[in-house]
Amino acid sequence: MKKWLIVLLVIIFLFTPKCALADTNEIAMPDLSSIDSFLSELDQDLQTEIGDFSFSGVWHQIRSGELDFDLKSILKLFLSIFLQELSVTGVLLGKLILLAIVCVFLTNLKDAFEKSDISLLSRSIVYLLLIGIAISSFNLSMEIAQGAIESIRDFLYALLPVLMALLAAMGGAGTAAFIYSSVLFAVTVMLHLVQFFIFPLIYFSAVLALVSRISPRFQIDKLAKLFRDIALGLLSVSTTLFIAFIGLVGFAGASFDGLAIKAAKTAAGIFIPVVGRSLADAMDSVLGTALVMKNAVGVVGAIVILIICALPAIKILVQVIVYKLAAAIIQPLGENELSEALGSIGNALLMVFAVLAICGLLFFFIIAITIGIANVSMMLR
Amino acid sequence: MLDLLRTMVINISIVVLLTLFLELLIPSGELRRYLRLVMGLLLFSVVLNPVLTIFNLAQTEPVFAWDSYEIDATQVVKEGEDLAQTWQNQASLDYNSQIETQTNQLVTEITGVAAVDAKVKTDSQTGEIQKIILSIKKKSKEVENTGLKKAIAQKVAGYYNLDSNRIEINMI
Numbered sequence: 590m591k592k593w594l595i596v597l598l599v600i601i602f603l604f605t606p607k608c609a610l611a612d613t614n615e616i617a618m619p620d621l622s623s624i625d626s627f628l629s630e631l632d633q634d635l636q637t638e639i640g641d642f643s644f645s646g647v648w649h650q651i652r653s654g655e656l657d658f659d660l661k662s663i664l665k666l667f668l669s670i671f672l673q674e675l676s677v678t679g680v681l682l683g684k685l686i687l688l689a690i691v692c693v694f695l696t697n698l699k700d701a702f703e704k705s706d707i708s709l710l711s712r713s714i715v716y717l718l719l720i721g722i723a724i725s726s727f728n729l730s731m732e733i734a735q736g737a738i739e740s741i742r743d744f745l746y747a748l749l750p751v752l753m754a755l756l757a758a759m760g761g762a763g764t765a766a767f768i769y770s771s772v773l774f775a776v777t778v779m780l781h782l783v784q785f786f787i788f789p790l791i792y793f794s795a796v797l798a799l800v801s802r803i804s805p806r807f808q809i810d811k812l813a814k815l816f817r818d819i820a821l822g823l824l825s826v827s828t829t830l831f832i833a834f835i836g837l838v839g840f841a842g843a844s845f846d847g848l849a850i851k852a853a854k855t856a857a858g859i860f861i862p863v864v865g866r867s868l869a870d871a872m873d874s875v876l877g878t879a880l881v882m883k884n885a886v887g888v889v890g891a892i893v894i895l896i897i898c899a900l901p902a903i904k905i906l907v908q909v910i911v912y913k914l915a916a917a918i919i920q921p922l923g924e925n926e927l928s929e930a931l932g933s934i935g936n937a938l939l940m941v942f943a944v945l946a947i948c949g950l951l952f953f954f955i956i957a958i959t960i961g962i963a964n965v966s967m968m969l970r
Numbered sequence: 476m477l478d479l480l481r482t483m484v485i486n487i488s489i490v491v492l493l494t495l496f497l498e499l500l501i502p503s504g505e506l507r508r509y510l511r512l513v514m515g516l517l518l519f520s521v522v523l524n525p526v527l528t529i530f531n532l533a534q535t536e537p538v539f540a541w542d543s544y545e546i547d548a549t550q551v552v553k554e555g556e557d558l559a560q561t562w563q564n565q566a567s568l569d570y571n572s573q574i575e576t577q578t579n580q581l582v583t584e585i586t587g588v589a590a591v592d593a594k595v596k597t598d599s600q601t602g603e604i605q606k607i608i609l610s611i612k613k614k615s616k617e618v619e620n621t622g623l624k625k626a627i628a629q630k631v632a633g634y635y636n637l638d639s640n641r642i643e644i645n646m647i
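The listed protein sequences derive, respectively, from chains A and B.
Residue numbers for the first sequence follow the numbering used here, beginning at 590 and rising by one.
Residue numbers for the second sequence follow the numbering used here, beginning at 476 and rising by one.
Treat the hints with caution; some may be incorrect.
What the hints assert, rightly or not - Among the chain B residues that face chain A by a calculated CB cut under 7 Å, a handful are: (1) Met476; (2) Leu477; (3) Ser488; (4) Leu499; (5) Ala559; (6) Trp562.
The set of hints was computed from the structure by calculation and includes no laboratory data.
Fair warning: this is a prediction, and the values are worked out from it, not measured in the lab.
The beta carbon of each residue, even a glycine, is placed where N, CA and C say it ideally should be.
Same shape as in the complex, but just chain B (with noise of 0.2 Å):
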């Protein structure tokens, strides 16, 4: 269609500068009525044949069909997933360093207890806490390792509201 329009457009141009070159060239007088009756018939028919050509383009041309466009958003979506599970890591990760810092502090507190090592292992999903590791280390020697095991998982169990079996106590 566009083509045809091209075609139409060269064509006139060629036409009417021919036209304006003949007329100089030609010495005025009668042959010059003829070359403007024979260039305005050429012009004519370069103006009329794009638009017969149109009535006609029903049958010949080709239905216009979308075959340059292929987009893929699987790729895009894919790459937002594993963002996603990368930043669940780090919010996840974020908040076991927050537990476990919360969870040295509560433990430091407890008499006998000289310092403490807390380890926390959540669900990454629900935040759930699966697992509290406490490494302890004591005051003296004399403390005795059964009370204070008890006192500790009783007061960490109570605070985070869990089953104290999640409460693992290493003694160094």
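In isolation and in its complexed conformation, chain A is listed as follows (with noise of 0.2 Å):
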């Protein structure tokens, strides 16, 4: 199904902008001011990483059908991000390394003398303060992650009325309640469970993982495991379920509506006169715009999730190079607990990372299918 999601999505991208040409600006729209504002005041937070790239600039120009759009400015976009991120974590994983460093070094001092209390004392010190550089740096991540998925369902929130509208326009009125009353429901339930089970998990996992490194005598890392292994299950079931629930709407919706749309066209067809262009015709040119332009608007939402979610995504994934580049340089100069320590911060952050990349994907399917659902109906039609 998500094979057949993808190459539908392919198509109507393919063919949208150059068909929202004709009538964009004759047939009547729904308000879109909602989504306008909200991409504006996107566009101006994100102004420092974005550069040129403007997402109010991407939404004009499908609406107005001249769509200049490659996928290598994207991809350019972000190569920039990343090394930009980068260079900025450098001197984090800096900062790592020189405090390993000296963790090393006052580790030696303490095998050379018998009095080892002052060095252990400054050692465990530096340990801490390693800590807590890791501790505040994946907050930030957290942080990070939490903003994006909030900011994605924002737009989802003023997307989805205008899609809706737009489909119940098109001849379901009560399909699109119930779609529109399904989907909200799914993802206000996965938001929920991301935000305050799985997200929380996460950072229990990550700060024991981290208190265990502390004293060889108390080991805790089996917990921080099983808050790990929790957190990850509840992932892959809320998916699993999120993604059967949606397709079931999907598919509910989308044969439901189009026999709404038959009927309706069967019954304006009957009285046409004979010669001349009918009714029924007439309509269905304005639908078909109506239908591309909607198309356009999912379309759009589409690329703005992505975006919205890779630009974080591409930040959180810098930080987990950089731990697990750290490790690796802390393991051979005998830090090992150390290296440990850093290393699961690593995959701490790679749990992040995923959590905000499933969201995302699972915000893009809604778009999809709900693009999809108005199309096959006009397909039947």
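Two independent chains are provided; combine them into the complex using the hints.
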């Protein structure tokens, strides 16, 4: 089903901008100001990071059918953000390695002298300092991920009413109401789970994994692993349920809607005079344009969600790389515990990345399915 | 439930850190062994406490209810229906203007007609033609009104398969 959706979306994407040229200004559209204001706010927030790229620009281009969108510019944007982030996080890497070297030095001092308490104390302090840095940067990454998920949610809440109003206008008012409430229900449940269960569990697991390395006497890494496993399990179960639910809603909506429109068309076609253009045909062309417009809105939605999700994901990924790299460099120096601790922070960050990526993908599916529903209905027409 | 876990994680961290510091502060010897025992017991209680609380949770914890969830689809559907009505009107206008153009051409072909302005009223739901109002300008004054009106009414009525009383003709 995923493949089918992706193929469908690509087809829509390929054909939409050109078709949107036709009648964009001529037919009535629902109020798009909420999306407009959301995108310009997003542009302002991300101005330093995304440079010339503008979400509102893409949005207006698609609406006017003059989309000059190439994958190269997006990839370039991602790459530049990756490098920018890498140079910023490079400082963190430097700090981590420097502290590790101090730690190793102090350990050597401890071995050299008989009275080792002082060097042990200073080593512990350095270790705690290192953990402090790690925890604070982990905190920052969590906040970035939460913020990204919240802005995707806000965008979806601005986009869905527009898509659903268009769907309702195309003939399936009941279906639109059904899909709107089902999709919002699923999104809200999923976000609740992520924000209030999965993220805290990942956080606990990271903290416990770090604390576990402080004292060799108290081993609590099994507890950390338990939390991590619960978070993973919860994520995979909820993702499966979400996809199944949204898929079912999509199929149910598509068939119901198509039949309703078909019936409406037959009713309108009966009394039309033989000669000239029939009212049903006139209605068809209006609906066709509306459908194209709806697809355009959907495609912009999908692109925006992809980018909103990708930017923080790249940042988190860079952090993961830095922690893993630091762990790999520190281990040969002889600080196994420290290396393990940094490695476990890297793993926890990888989990955060996974959660963010999955959320982005699920919201992407929602848009794909809402686009698909109207298309299938119109095909039946 | 999650608060319980949060408290547990914080407590464990505190106990472990405290042990680390006390071990550094206290001189090695008998005292350190006792310290380990005490801190071990403390950690024991910190870990066991939430486990025991979970057993009692069933009676004390309120049932998880969905209170922040409220979706009102009526607004969206209403917006959609208004939009559909606008589209219907747009399509209807488009349809009317098509028929008007066609009628204009049809009537212009009749001899004696110089210019025509057709106005068409249709049912916006079914598209059925309800009334065609034609304003005709004659080529010359000699052309007879009654004959011309009859010819026009016949042609238009026959073309659209209409009852001739649905066609109104005004001479300018």
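Structure-based check of all given hints:
1. Met476: Because about 9 Å separates methionine 476 of chain B from the closest Cβ in chain A, which is outside the 7 Å limit, the hint is violated.
2. Leu477: holds (6 Å)
3. Ser488: holds (5 Å)
4. Leu499: At about 5 Å, which falls below the 7 Å cut-off, the nearest Cβ of chain A leaves the hint on leucine 499 of chain B intact, so it holds.
5. Ala559: Where the cut-off is 7 Å and the nearest Cβ of chain A is about 4 Å from alanine 559 of chain B, the hint holds.
6. Trp562: holds (5 Å)
Hint 1 from the list above is the single one not met by this structure.
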